[in-house]
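Colleague: Here's the letter readout for the chains.
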Amino acid sequence: MAEYTLQAEPPLAGAEMEIAGVRLWAPADLALVSLALPLGGEDAALMAIRAAYGAGLPEIGRSVVADDGTRLVRLSADLAFALFTHATPDAEHVVADRLNGAVYTTDQTDVWVALALSGPNTRRALERICPIDLHRQVFAVDHAARTVMEHLGVLILRTGEDDYLLLSASSSAKSFLHAVEVSLTNVNQT
Amino acid sequence: MSQVNRIKGGLIDPATEITFTFNGKAMQGHPGDTLASALLANGQRLVGRSFKYHRPRGIFTAGSEEPNALVELRKGATQEPNTRATVTELFDGLEARSQNHRGSLEFDLMAVTDLLSPFLSAGFYYKTFMWPRAFWEKLYEPAIRASAGLGRLSMEEDPDRYDKGYLHCDLLVIGAGPAGLMAARTAARAGARVILADEDFVMGGRLNAETLEVDGKPGSDWAVGVVAELAAMANVRLMPRSTVYGAYDHGVYGVLERCTDHLATSGGKPRQVLWRVYARHAVLAAGATERPVAFGNNDRPGVMLAGAVRAYANRWGVAPGRRVAVFTNNDDGWRTAADLVAKGIEVPAVIDTRDAPAVCDVPGARHVRGAAVMDTRGRKGLRQITLTDGQMIDADCLAVSGGWNPNLHLTCHQRGRPEWRDDLAAFVPGRELPPGMVVAGAANGAMTLAAALREGCAVAETLGYADKSDLPRAEDEPRDCAPVWHVPQSRARAWLDLQNDVTVKDVKQAHQEGFRAVEHLKRYTTLGMATDQGKTANIPALAIMAECTGRTIPETGTTIFRPPYTPVPIGALAGRARGRAFRPYRLTPSHRWAEAHGATFVEVGNWLRAQWFARDGEQGWRDSVDREVLMTRGSVGICDVTTLGKIDIQGRDAGEFLNRVYCNGFATLAVGKVRYGLMLREDGIAYDDGTTARMGENHYVMTTTTANAVTVFRRLEFARQCLWPDLDVHLISTTDGWAQFAVAGPNARKLLRKVVDTEHDLSNEAFPFMGCGEVTVCGGMPARLFRISFSGELAYEVAVPARFGNAMMGVLMEAGREFDAVPYGTEALGVMRIEKGHAAGNELNGQTTAHNLGMGRMVSRKKDCIGNVLSQRPEMLRDDAVKLVGLRPVDRATGLISGSHFIGQGDAATMENDQGWMSSVAYSPSLEHSIGLGFLKRGDARMGEILRAVSPVHGREMEVEVVSAHFIDPDGERLRG
Amino acid sequence: MRYSAFKILREGLTGNKGWTPVWRDPDPKPEYDIVIIGGGGHGLATAYYLAKEFGLRNIAVLEKGWIGSGNVGRNTTIIRSNYMLPGNEPFYEMSLKLWEGLEQDFNYNAMVSQRSILNLFHSDAQRDAFVRRANAMFLAGADAELADADQLRAELPFLDFDNARFPIKGGLFQRRGGTVRHDAVAWGYARGAGSRGVDIIQNCEVTGFDIENGKCRGVETTRGAIRARKVAVCVAGSSGRVMALAGMRLPIESHVLQAFVTEGLKPVLPGVITFGAGHFYVSQSDKGGLVFGGDIDGYNSYAQRGNLPVVEDVAEGGMAIMPMIGRARLLRSWGGIMDMSMDGSPFIDRTHIDGLYFNGGWCYGGFKATPASGLCYAHLLAKDAPHPVATEMRLDRFARGHLIDEKGMGNQPNLH
Amino acid sequence: MIINHPLLGPRDAAEFVYLGDAALIDRPDWQAAEAAEAFHAYGYLRDNPAGAHQELWYHEQGDRSWLVVTRDTVSHEITQVELARDVARARGRSR
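Protein chains in written order, with the numbering used here: chain X, 1155 to 1344; chain H, -17 to 959; chain A, 12 to 427; chain B, 764 to 858.
Note that these hints are calculated values from the structure, not bench results. One thing to keep in mind: the hints can contain errors.
What the hints assert, rightly or not - Keeping only pairs whose Cα atoms sit at most 35 Å apart, straight-line, the calculated DSBU-like set for lysine-lysine is:
| id | chain 1 | residue 1 | chain 2 | residue 2 |
| --- | --- | --- | --- | --- |
| 1 | H | K490 | H | K362 |
| 2 | H | K34 | A | K277 |
| 3 | H | K120 | A | K180 |
| 4 | A | K63 | A | K40 |
| 5 | H | K919 | A | K418 |
| 6 | A | K28 | H | K487 |
Just so you know, these numbers come straight off a predicted model, no measurement behind them.
Work out the full structure, taking the sequences as your base and the hints as a guide.
Modeller: Right under this line is the structure:
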């Protein structure tokens, strides 16, 4: 037994609120690992991902939920993120082990923080900060995009008709939460 | 009854009374009123003073083109200068004050300038106030400034909040008049995503101001029906109180929505929202603006645009006067006469410049054919007009119509130049419109109601939004116009720009002095430069310049318009990004620990970093910093260095890639080793430095400086994608992912031994200087350990996943308790790096080469790397180039000054004798005197020399000795120990 | 015609009928000693000093539109000499001294107003850089003054000292800096040059150069061919376009810089104020408008207009340091095309073509340089040797490796 | 401005960072005889056309791709957007 132990303190742990009929919370234990496809080894990498997850990488700007609940998000031709629930700080090893070296993996869990939003007013609130067109004909369920909101880089995912997951840099977590919270407050009619 | 001029009808709610004040006097109005309509209803004709001559001014228009009726609205911190009364929606408790007068509005002491007007003609100030030279700033200019300007800022922080947003649509319709409503309805019925924006608070445009019918019912009723239909459609967004103020590239429009300006307080809601609308197409249906005719003393309160006069009567139930004469050069002016008479207002005469029969029957009015108004009387309000035939007619209001100009402003925001149409005697939108924009209705020169409805529908169809329903029925009202720009018989001054006091004579003088280009005219006379941007003045002035030059109006030029269409508050353009929310804060993983342990924080880019940790009893920051340095060098100190950029680099060609982006060699770096790397820009200047660790065969971790983390990543991606696209290299930032701590000092290893799990050998042999590896800490926590040193001490950097960083700081301090470990901040970090002679931002300032930094030999000439070739340019390698050296004061008690320049002893302090500068200084608690780093010509060859470090801006200079930059442990024994 | 208060009085009493054109409007002659391309501030100043200081009068200034239609009429009117490097500072300080006597010199009130310029700093590193710069200014004979936050709070209480994201730690004043009525500079120089015999020819666009055997003998224009012993290009903003006609590529990119003015306000700002942690600088004109600007849009452009992101960025900077301007309204925005050079510094030099001279690369600092640029260019044209304060403003400095990079941004023009 | 990203569709130019002329892809050979002159021209001289301009934009707040955008510097009209990596390969930078 080691003399010292480390407690996790995710920047937005416990954040949860409801404003303008929208529920806003920071999902717990969300792990994130980047998958980079080796140049010239793309086919092998894609096969390894399919073998590991039972789902192939979707096209760029889309995400897909694998059998085990992992969400695979394709960000560019050679880069994807795997999002899954996982509490311990070994997410990268877990993914790397499944992919047998066919993909370059980097742990991104602590690089990002996530905020989930749910409720019919969500789009109206996001209109205040998100330059992407979130109309359902343009940004449908499972679509994903990296963009900028209030000077912060954000990865936005549509996870349901009125459900979104937003990821941004962990160091600016408080400013990120503030930006989203103010957007909800500003569209709140009451 | 205070509302002496209130008559029946209009789109107001007469049952509800609203109280407001003007210059402290209580007045009444109704919901639906503007401040202007309510002022007129209360008989308040004098509302302001002009800019230059302080002439009395009254309400001139009924819209956003208003030049005269500018007021200060609200009070205290929400005081809002230069607010146009004509577009200010009345609310209960509104407070407004007139502006730009000394003394009261009625008795403005500055009105004396009007008497001096012969000496204040166009550009007079360019010709005088030059003697004596010093008097300009001391006497003339302060006097001019005090009398110039209009309203006053409160000088307090704007307490309201603003927001912004993004909207996307197929079709943005600008203006909700007949053309806009038809375009919106047609497209919406065809299923398009439509946004309909109008600056007014009631949609309908001129339909609300006219008595015209659509489909057999009043136009305003028809508009209500269309708006209701649109409001019920999911694919339509209605935006009243929203001004489309700018057309930017690629279909991006700026829209200002006023959310709470019509309320007494914003109630914590955003006052205004600035929308960026991304529109595939836009229909500009902004209508037209009436223009005046210039004649003698045409600036008196009571002289108004004819369309505005009938708008006040029809829409707001207000008679702008009891006896309203009409002066027109076109058919539309007659409509004002007819509408007023129908409302029971006396119209003594219709003066038409055309020698033509009456356009319509106006009971009780004389029809004066082929004549014009040439002068007026009435000091603070119109009493009488004089016609060119000598007739004098009593009137307290004169409705003037000189024809209508299409509101084509937004068509000019990119490259569009308006084109002249003789039949309308007006400019219409040119052919080169902003891509995606079409123009409909009066804005396009379709001046009649039926034509506007037709065009609104037709443009939507041409954009591919077809709707099979019938066009509404309406008539093509008579619109004949025979242009008359000014009345040459007038002997008195005739105003063009009412706000800036530019008269016909000024235009003629500009011509006489050679200012004949339209832009010269505007700049010389200030025409069109006022808050209304010449919406009513520019075209008549242009016509008069054409007359002077003997050319046609289009030959003379055109005036184009720039954003914004109407003025936009700076607060709205800034949105939320103000105060502490100006930019996001980035916090280090141990921020909370630092807060709890007395840290003072400092902004480093967007980061907040602990600057020092004060302890009880310390007298100032220096006490804390000195202690942190001494205790670190004496035992061990801990610093959160997470802010350094971290880039995870993987790929088969990662090593080769690093070899090309660093100027020194990386091909031979072994797994488990770290190397210092210097990056050059392609121009050969030193750019960034840091360490890169090889974690595995194909896996490297690069660190960058805090300041350059983002741009280094960008440059690496450029190299990867654009320069060497077929290297297998992958980059991803992990800056925020790892909480990284420097553990420095002779007891660093002992401290870490307690934290790093025992299976990892930390001995000097197993983990030597510049070693690295993946380890576990605190019983299995994955971590990275690097044996690198910025302080010059035996030091490590240990990294754990960021969410454990706050706890890790606590653990390190706890483990270090037996060694008296201290946390140290950026100040101590800076002191130690100067003591060690490491270059940082002040030295790597984008102007220095590796040669200057004493690292010239690091630039490998045996390989290709960024910056290699251009770093070898002859003047960059000069022998007398500045070199990085250490400096110490000859009098050790003296504090060096960063930014002082080096001058030889006995030389004058001039630029010719400048030999370099001091880039960084610190008090070294280890050496107990001030030390500095600096760049000195041939510095490396001048050790021991004594120079003067001069800082004339402080009025100080001191003698300094040139020494090695490595003040501490020059042989590096400590860090290898 | 000499301007004076007396003249105004007399004209006022006689109906202002006696005013004559400020500059003559002649047709071009077939040949001149020197043809200056560009009727902007620098071109007109060059003509003025050639005539006045060097006695050369057989000169034409060719302007494709109306004089002053380029950047002299589209800038934010600031004058200052707060530079740091030896290649720049003596030049700008000479310019500032010329501004100080300009109006009496050319008998035209350009409203040179030395109301001070203040550059705020927000970090110790910034302060160190400002001290270095301030001392360089002193070494070149200019004035500079450091102020700490307390001094600034007393002098400019409306700045945000208590709620700022990047707290104000102090500032560098140059009290002799200030503003000038920009259009009047062009008109004043035109008047001074024209009255000394210089032909100012408007609506005359240069369409080509007459170059034979490496020697430039004149220009082709929309008003016919004009021969000249020397051709002096002075068209900042259009340098790339014009020099391409002579077959030259330049170390310059064209970029758009937006500028803004608010509605007129009673006096609120004493001088020019520049934010150090964002993009915003502001002064107040004599008419009362707040004249402000920020960064260039950042992409190559010859369109005299910009886009919204920069407008917003500038407004954010303004609100960050002086939140009392929130209810002031932006009235007008416009864009000027900047010659952004590769190190942020200008060129006054001969070209490799005999008889062809080049003045450009002023980035967004050309206005304040107008008098010195004109005088130095005139010196070069008259004597074929650079003026002592402009010896480093050469086109070959990049090949030699002698950069004049005040900001240390390197060879990326949009960062200067 | 809006840049129509070849993989992601239209995005506001505010998501991008501008670098300059796409000739910056054509980095000279460091060992060529005239390398000094070639790097001087590469680093410092620009065509700077008033008209069609091929230029580099980086999608920093997006997928981190470098793009070659063909844009008219007078009208700002964008006529083509390509991945810079593809352009670099087509220009023979596969080494």
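Colleague: State for each hint whether it applies.
Modeller: Here's how the hints hold up against the structure:
A C-alpha spacing of about 27 Å is found between K490(H) and K362(H), which places the hinted pair at or below 35 Å, so the restraint holds. A C-alpha spacing of about 13 Å is found between K34(H) and K277(A), which places the hinted pair at or below 35 Å, so the restraint holds. About 30 Å separates the Cα atoms of K120(H) and K180(A), which keeps this hinted pair within 35 Å; it holds. Between the alpha carbons of K63(A) and K40(A) the distance comes to roughly 21 Å, so the proposed pair stays at or under 35 Å and holds.
For the suggested pair K919(H) and K418(A), the alpha carbons sit about 20 Å apart, so the restraint of at most 35 Å is met. Between K28(A) and K487(H) the CA atoms are separated by roughly 10 Å; this keeps the pair inside 35 Å, and the hint holds.
Of the numbered hints stated above, none is contradicted by the structure.
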